[in-house]
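Peer 1: Produce the entire structure from the sequences given, and follow the hints as far as they go.
Residues per chain, in single letters:
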Amino acid sequence: MNHRQPNGRVSRRTFLQASAALAATGLVQAWPLARRDGKAGKLDRTLIMIELKGGNDGLSMVIPTQDPNYLRARSTALVRPDEALVLDPTHGFHPGLAKLALAFRANQVAILEGVGVPGGVRSHFRATDIWHSADPVRAAATPGWIARLGDMAWPDRGSDAVVHFGSDPLGAHFSPTRSPLAVENPDHFATMGEGPRAVLEGQAKQKGQAKPSGNAALDRIRQLSKEASKESLRVRAATAGYRTPVAYPKTPLGQSARDICAMLNFPDGAPPRVLSAAVGGFDTHAREKNAHDRQMVLIDEALGALLQDLGRTEIGREAVVLVYSEFGRRVNENGSQGTDHGKGGPSLILGHNVQGGIFGPTPSLTDLDEGDLKVTIDFRSIYATLIEGLFDQDSERLLGAKLPKLEFLG
Amino acid sequence: MKALAALLLALPLGAPQLAGGQETQVAPDSSSLAWTPVQAEHLLNRAGFGATSEEIALAVAAGPEAVVDRLLAGGRPAPAFEFQVYRVDRRARAAANDDERRELDRAVRQNNRKQVDDFSKWWLEQMVAGQDPLRERMTLILHGWLVSAHQKVQQSDYLVAQNQLFRSYALGNYGKLLRAILEDPAMLLYLDNNTNNRRKPNENLARELMELFSLGEGQYTEEDIREAARALTGYTVREEGFFFAKGQHDPEEKYLLGYSGVESADGLVEVLLEQPACAEYVAKRLINEFEGADPSPMRLQSYAKLLRDSKYELEPFLRTLFLDPAFYRDEVMGTKVLSPIEYVVGTARRLQVPVPAELLYQAASMLGQTLLDPPSVKGWDGGFAWLTESSLMLRSNAWGAILGEISGKDLRDQVAEAIDMMDGMMDDPDAGQETPPEPKRRGGPLVRLLTTIQRDKLAVEVPVVAWLKQNHKTSDEEIAQALLEECLAIPVPAETQRLVQDFLREGRKRLNLHPGKLLTKPDKAQKLLMQTLHLILSLPEANLG
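Residue numbers (my numbering), protein chains in the order written: chain B, 1 to 410; chain W, 1001 to 1545.
One should not assume that every hint holds.
What the hints assert, rightly or not - Listed below are the simulated DSSO-like cross-link pairs for lysine-lysine, each with C-alpha atoms no more than 27 Å apart in a straight line:
(1) Lys1521(W) x Lys1473(W)
(2) Lys1378(W) x Lys53(B)
(3) Lys1409(W) x Lys226(B)
(4) Lys1200(W) x Lys374(B)
(5) Lys1509(W) x Lys205(B)
(6) Lys1378(W) x Lys289(B)
(7) Lys250(B) x Lys1409(W)
(8) Lys1152(W) x Lys250(B)
(9) Lys53(B) x Lys1200(W)
(10) Lys205(B) x Lys1409(W)
(11) Lys53(B) x Lys1152(W)
(12) Lys250(B) x Lys1114(W)
(13) Lys1200(W) x Lys289(B)
To be verified - Under 8 Å between C-beta atoms, here's a sample of chain W residues computed to sit facing chain B:
(14) Lys1200
(15) Asn1204
(16) Glu1217
(17) Gly1368
(18) Met1393
(19) Gly1400
(20) Met1422
(21) Asp1423
(22) Arg1442
(23) Gly1444
(24) Leu1446
(25) Ser1538
Claimed, not checked - Simulated DEER-style distance windows between Cβ atoms:
(26) Glu388(B) x Ser1053(W): 56 to 64 Å
(27) Ala1293(W) x Pro245(B): 48 to 56 Å
(28) Arg287(B) x Glu1315(W): 35 to 43 Å
(29) Ala1293(W) x Asp156(B): 26 to 34 Å
(30) Met1298(W) x Asp367(B): 43 to 51 Å
(31) Gly1382(W) x Ala401(B): 25 to 33 Å
(32) Glu1331(W) x Asp156(B): 29 to 37 Å
(33) Pro245(B) x Lys1200(W): 45 to 53 Å
(34) Asn290(B) x Gly1382(W): 27 to 35 Å
(35) Arg72(B) x Ala1293(W): 49 to 57 Å
(36) Asn290(B) x Glu1252(W): 32 to 40 Å
(37) Thr1451(W) x Ala401(B): 51 to 59 Å
(38) Gly371(B) x Gly1383(W): 31 to 39 Å
(39) Glu1358(W) x Gln355(B): 52 to 60 Å
Bear in mind the hints are in silico, worked out from the structure with no lab data behind them. Note that the structure is predicted; figures quoted are calculated from it, not measured. For glycine and all other residues, C-beta sits at the position ideal for the given N, C-alpha and C.
Peer 2: In structure tokens, the structure reads:
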């Protein structure tokens, strides 16, 4: 008998059996229908964050096809406007973004122009800290915005509510009391060997908090070790056992995208609320053209597959993908056929239940801020929109400021 | 420029006066320093890469001053690493067709990659067995601070030369190192200064010089960066190495940080070193590297002053730090998360068996720390950034592989277990058009490590039984205690020792041996004890030092 629904989700009966099976292993706590948030018929929505590390050159991603200043500013790092994939009469995507261009036409892509930290910050680290803390003033001293969101929206859930694939989880996920579940390669996320299996797995099954050792760092690692044992089988089952017709690229980002979708679709009733991955290689100070072209193809293949896979399930169709970078790059090329750190740049919102289109004023290539595109959308406006629209929380309380919301959630 | 002009100081530029040392230097009272095996081990862990019980006993007997003297004096210097220069022959390349050209490039790339690997392994050997642990430690700190990475530089000889530069300044003068690094080919390539010219300045090196190498964020303006970038125009790299391209250098006067009269790197570095923020930033960074925590503002001030007064000499700074009772406070001791290098090198030192450098290199890499290839200009983040749920398990698996406790079969088994679990959750997992999952979906570094170990028969057998007999440890309790002390950098709480003891007792019972009789069956005991070693290296405590 087949209890699976046509859309690939398991039936409620199967799901309950599966939860019980998992709970019986003692490694995973059955989550009592956490998918429903109490509001009749409303599904919890998920945020997927993809960070482009190094400062993505927005002008080589979203091309101002009719602006003659673009040709003047970029002599070698230029993406030829006639090769751009047409989005509207004045905008085109980089030719490497074929899948995303199709998705744009299907109303699944919102392009937010001129996004950045108000006033601009050209340091990778400071800009990244600000994006992660959502605090332009105290930056690194403030806990991550996703961790703060967790305190409000899923106070009772542990690290499994936020899952990062890759070795370097986002600062946004951390606070003194919260950390994400960070998995580099799920296949090797397992306790192996007689000694560790006998002792560490037993440790993980012990209920409650261990008594403090007097060494706070040790207590923190003990907690982490316990979480690791608890989550290991669940994450491996979700990812190694994942079945999808979608062909993901074999790149690290492609594999992370697949793992993200696998966790989201894992039928144990406790999907993460936030999933993330990061990809480097955007700091194109020199000989930008080839490097950036490759980056565009790389993200297009991974994000295209992700979008396609998300479309197969209800929870996937409700998910929203945020693609962002810490800053854009200088309008004029430097002497090395590359571009230096800049200020404003585009962010992307992807999903099956978003309002596609191009948002925000098209940035001027002549009215500049120290040679950079002006920041016309405060990055926190994106967060405010997500905090309210996706998680039903008070964005002013979370961000400590009232930010105008954007229209990308439809 | 107008705003700055008003600020211009009448200092004789090009030779700024460094503050004189009238006030007393920081002189922490080392007579109040308790000196037991715990403090001795702490110093040897932090100034070097971990210590065996014999080394600790010697250090306790010698006393702190003598130990610090010896660390600073160093031992026999490391034998020089002989390196080759691999470049594409321009003439041959120009004459070649496309296929030949690709082949030429590939060969050079491979040779450079191999030399970087070989050098990294050589360096790990120095860390494990060299006679100059503090120099190795400082070299590693400088490498993670004044970062260059092979991935970008692609010339292995430049990276080896840069490492030698770090070695020579490791206990020398930071100011001089800062000046020297501006003519270091690896650095100039890594931060794109080879294309910084007067017509189109590239700010990358200038920015990181201020933000990461000298002043710290927020201590300069964007204008200062532009001026500094101009001062560094023309500092470039030719085949042979550093080259000052006069025609590309902007000779006009630069104005920055309140100074006029800066022309090139000499003046730039002097102005940077003169900034109070510089001594503070460098002192804070160094203290944090060794203590794993930021110093109190007052303590930072006195160490910044020490640095200024000594004109950025590192030796007096380190001597003071290592004899400072605050270096041994509870907040610092046993609370620093070990980096992968510290974890693999420290463990290899404590186990006192030769571990092939190839395995240490692969293991550290797999755990996120590839020598000569830091992930970004910021280096490695350090601290708890090293630990995630999965990296914690990977650490255990790395030593499991090296000790021969984990095989490729274990890996396949657990992937199969995961797939079974998922299938068990569905009535008909193969319904629809979906592709069934392939077992052993991914390779990755753990698979590579296991393959190397199996292929070259490199699994490391530690002679635990012999060692225990020699040291007259026989009961479960004695064995657990001795192995924990020997293998870990920090003392463990009683409940942890009980866990290990229980594991030994259960294992001994399975072997039908009475209490105290485990070592009478050496072969079976050895197997159980290797499992115990793997367990100990997988404990939460194994990640601290």
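Peer 1: Take the hints in turn and mark each one as holding or not.
Peer 2: We went through each hint and held it up to the structure:
no., hint, in the structure
1, Lys1521(W) x Lys1473(W), "holds (14 Å)"
2, Lys1378(W) x Lys53(B), "holds (13 Å)"
3, Lys1409(W) x Lys226(B), "holds (25 Å)"
4, Lys1200(W) x Lys374(B), "holds (22 Å)"
5, Lys1509(W) x Lys205(B), "holds (24 Å)"
6, Lys1378(W) x Lys289(B), "holds (25 Å)"
7, Lys250(B) x Lys1409(W), "holds (24 Å)"
8, Lys1152(W) x Lys250(B), "holds (23 Å)"
9, Lys53(B) x Lys1200(W), "holds (25 Å)"
10, Lys205(B) x Lys1409(W), "holds (25 Å)"
11, Lys53(B) x Lys1152(W), "holds (16 Å)"
12, Lys250(B) x Lys1114(W), "holds (25 Å)"
13, Lys1200(W) x Lys289(B), "holds (18 Å)"
14, Lys1200, "holds (3 Å)"
15, Asn1204, "holds (5 Å)"
16, Glu1217, "holds (6 Å)"
17, Gly1368, "holds (5 Å)"
18, Met1393, "holds (5 Å)"
19, Gly1400, "holds (4 Å)"
20, Met1422, "holds (2 Å)"
21, Asp1423, "holds (7 Å)"
22, Arg1442, "holds (5 Å)"
23, Gly1444, "holds (5 Å)"
24, Leu1446, "holds (5 Å)"
25, Ser1538, "holds (4 Å)"
26, Glu388(B) x Ser1053(W): 56 to 64 Å, "holds (60 Å)"
27, Ala1293(W) x Pro245(B): 48 to 56 Å, "holds (51 Å)"
28, Arg287(B) x Glu1315(W): 35 to 43 Å, "holds (42 Å)"
29, Ala1293(W) x Asp156(B): 26 to 34 Å, "holds (32 Å)"
30, Met1298(W) x Asp367(B): 43 to 51 Å, "holds (48 Å)"
31, Gly1382(W) x Ala401(B): 25 to 33 Å, "holds (32 Å)"
32, Glu1331(W) x Asp156(B): 29 to 37 Å, "holds (32 Å)"
33, Pro245(B) x Lys1200(W): 45 to 53 Å, "holds (50 Å)"
34, Asn290(B) x Gly1382(W): 27 to 35 Å, "holds (33 Å)"
35, Arg72(B) x Ala1293(W): 49 to 57 Å, "holds (51 Å)"
36, Asn290(B) x Glu1252(W): 32 to 40 Å, "holds (34 Å)"
37, Thr1451(W) x Ala401(B): 51 to 59 Å, "holds (53 Å)"
38, Gly371(B) x Gly1383(W): 31 to 39 Å, "holds (36 Å)"
39, Glu1358(W) x Gln355(B): 52 to 60 Å, "holds (54 Å)"
Against the hints set out earlier in the document, no violation occurs for any number.
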